[in-house]
Amino acid sequence: MNERERTRPGRWLTLYAIAAYLYIYLPIFFLVLFSFNTSKFSVAMQGLTLRWYGDLFNDKAIWQATTNTLIVAITSTIFSTIVGTAAAIGLHRYNFRGKGFSEATLYIPVIIPEVVMGIALLAFFGQVGLTLGLPTIIIAHIAFSIPFVVLTVRARLQGMDRSVEEAAMDLGANEVVTFWRITLPLIMPGVLSGALLAFTLSLDDYIITLFTAGPGSTTLPLRVFSMLKQAVTPKVNALSSLWILVILVALLLSQRLQPRRG
Amino acid sequence: MLKTVRERPSLQGLVLISPTMFWLIAFLLVPSALIVVISFGARGSYGNVVYTFKLDNYVRLVNAEYGHILWDSTWIALLTTVACILAGYPLAYFIARSHPTRRSLFMFLILVPFWTNFLIRIYAWMIILRGEGVLNAVMTWLGLMNTSLGQWLFSQVQLYTPGAVLVGMVYEFLPFMILPLYTSLEKLDPSLLEAAADLGARPWRAFLRVTLPLSLPGIIAGSILVFIPAMGMFVVPDLMGGAKTVLVGNLIRNQFFTARDWPFGSAASMVLMALTLVVTLIYTRTFGFGEELVP
Amino acid sequence: MRKPIKSYLFVVTLLTVASVLLSACAAPATPAPTPIPPTAAPPTAAPTKPPTTAATAAQPTPAPTATATPKPTGAPLVVTSKELNIYAWSEYIPQELLDAFAKEYKVKVNYDTYASNEELMAKLQAGKTNYDVIIPSDYTVGILSAQQMLEPIDLDHMPNFANVDDQFKNASYDPGNKYSVPYQWGSVGIAVNTAKVTKPITKFADLWDPSFKGKLVVLDDEREIIGMALLVLGFDKNSTDPAQLDAAKKKLIELKPNIKLYDSDSPKTALLTGEAVAGVVWNGEASLAHQENDKIAYVLPAEGMGLWYDNMAVPKGAPHKDAAMAFINFVLRPDMSILITKAFPYSSVNKAALELLKTQDPDTYKSYMAYPATNPPADAVKNGKIVKDVGDATTLWDKVWTEVKGGS
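Chains as they are written, first to last, in the working numbering: chain R, 190 to 451; chain P, 93 to 387; chain Y, 438 to 845.
Some clues are possibly wrong.
Unchecked claim - Listed next, the in silico SDA-like pairs over lysine to any residue satisfying Cα-Cα at most 20 Å (straight line):
(1) P:Lys336 / Y:Ser804
(2) Y:Lys565 / R:Ile328
(3) Y:Lys732 / Y:Glu840
(4) R:Lys229 / Y:Gln532
(5) Y:Lys687 / P:Thr337
(6) R:Lys229 / Y:Lys565
(7) Y:Lys652 / P:Val249
(8) R:Lys229 / Y:Glu528
(9) Y:Lys779 / R:Ile328
(10) P:Lys279 / R:Pro378
(11) P:Lys336 / Y:Glu528
(12) Y:Lys652 / P:Gln248
(13) Y:Lys650 / P:Arg195
(14) Y:Lys836 / P:Ala134
(15) P:Lys336 / Y:Lys779
(16) P:Lys279 / R:Gln347
(17) Y:Lys836 / P:Thr350
(18) R:Lys249 / Y:Glu528
(19) P:Lys336 / Y:Lys650
(20) Y:Lys836 / P:Ala156
(21) R:Lys229 / P:Leu211
(22) Y:Lys543 / Y:Arg770
(23) R:Lys288 / P:Pro111
(24) R:Lys288 / P:Ala118
(25) Y:Lys732 / R:Ser228
Calculated directly from the structure, the hints in this document are not laboratory data.
Put together the whole structure using the sequences plus the hints.
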């Protein structure tokens, strides 16, 4: 889009956007605030303390859960992105028998209630004799992430101009080179979005993970939800705050490092 | 063998899609088939499954009580979807119109809160909307709580009311609406709007006749991504609404847990899925299917 | 979109046909475990090491007479396993205890958590989970043992079992402590903010008073709440009679306007913020609320407080059975059990631990003994009503609950 032709957002729109972002970040603000609360219950601020951050560092269970969560999220994201991108290309470009069936199957994770998918997998793993643990969680996460990756990449493919690919092939490049050097960079925004979506879905997944986790493979959402009965101590607030801090810092850095586009 | 694959495009397609299909068939279709089987079974005395073939569970669902539950869930999902469209559209528009280098940053900023824990986010909302919580404090400080209008407004979104549930639901589903909307709007060619202006259309008219129709795929896609999960959502209504209503999600969850009646729960799930599918199909048939699910 | 619809119909038909075929050759295995005959092997001997001297004469299972409390005879087993997988409620076993056990027995301890008994059962019923120690509640022990899903407890090598107060041994849901050892217990009663409620509250029926409109918090627990209505009407708390359940339903619908929210997880929050002035809560919640605001009192209702017992058990097929039994014995040590009582606001089953508390920390002991949430008087306990599995009537109960919450 040409810079000259872009109409800047108007005053009202900008105001609305600010309000919208405030709405989105309001609970985050309180989340962080209460991580410094002296009271164990996040009901009213009673004082300031760094105690929970200290408690957090000593809580082995939470770190174990965090590690598990990251392992699951990263593994399932990588796998589902690769597999999903391939599927998207296959579906976009080719016609083959069973294409309709494939497309239909890809809808199932979108419409199936999480409880049902979780129970189905639990029953399935039980029948097959697979022991529950990190691998079963990863299997489940890949299963529900793939359709989102496929949909994302496919949307991007639909907007893509094939003539560049065809030009490359006319010039003698084979399919693999064409894909690597031409197609992939062009659809990269879609691939990355799909990966981002898959990662986000995996990080916070509770119900499906609940049914597919085994000893020693508790993830963070599981840990937090089960703390409900006693008290979700500000330890978890502290963890979330640190998380956000890391992400925001990474974001700012990446913005700085990005070349300014004319 | 590679040569054969190269020569036959349809084989190439199959090869590309086979890992996905293998995964989904093994870890989705087969487990789902198990659920279908269970839905025709019966509940044993200890809550285990007795495999038979009976339609009892489905028959049981045809009942005014469950119809009421379905209606409540549909209504909440519908409200949430509409609210997300209304709230999300201007924001998506804003981002699409911002400076190109800032766009991905703005989009990313919308997602960042979702990398925190779901429960903590909702708990934070509870802090804000409590009877004597933050919102109340702010409104009191502004003097709004002295007016009957202010009091009424607060009572509509106070914790443990349907208003609070809506606030929570919209919060959780907004990104799913904004992402596809943004994609549609981002692709919009501003020269079309220029042309409309040149032809004498005022900005509002240009919006209605050009922008809105062109962003329709985004609206559709967003609606699907919000409505379907919202139908099955029960955690937000339970926490923000005080667990005073039984929604489809609660019903299904109860069957698999408290009642330990997996066959009935499976049947209810099948019905939910069938219903969601029907609604989605009707919707997309009428409005077309949104290709722009995400950038 | 037309193609996917056709293919979808195809998929659905395929699934239905498959399911009919599958159910015709009814698969007998999981998730419906058919009763597995209990293994005949005596559970006393450790896998490789011979039992320590005092236990050599042990029989396969401790053989008490039908009502006598079992008497452990031997010293604890030697543990050869290197790991222990615990599956329990969150914040339920103090980290100190886990660390002490890990150190003494040179075992790596994994601690996974669940949020309800039903979650626990769902996981166990679906197949092999590799958990060694679980902490099911009373009725859950009954259900699991009836389905042969628990390992018999090796009481012969559990000398610390003697520390358990006799009133908790030999419970109705597990006669002779064949499958479980008590861990903690507690009650369900009425919490009242005495600063805001001036009327004296003594029974569940008091909560129906119209002055409580929109001011009550109750557990989101169908067994306790429908049970409460049944008790108020003079029926049995675990009734399976449809007529009685229907009456209870109507009674609860009368209570609905008073209920501000249902909350099994943290009802104390509503009490502390003032959104609720009274409610039906777990004793632990009342204790915690009382610690923050001492105006919040705990009343044991005249109709009969709810009683619950959590127990340690070992799932069938646990991979580290020796470590599991050693752990259970370890928990019963007074110096370990006292950690539990100090950390969590429920009631202790361990008389030796309480004795230790008296000498070690008299102030905590005094407040523990004085507060009805931790130390209910004996007659209230006698009148207490435990939750029992209602078998096939479970679906009826669930239907009533759905109708109470869903209607109107």
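Which hint numbers doesn't this structure obey? 1, 3, 6, 9, 11, 13 and 15
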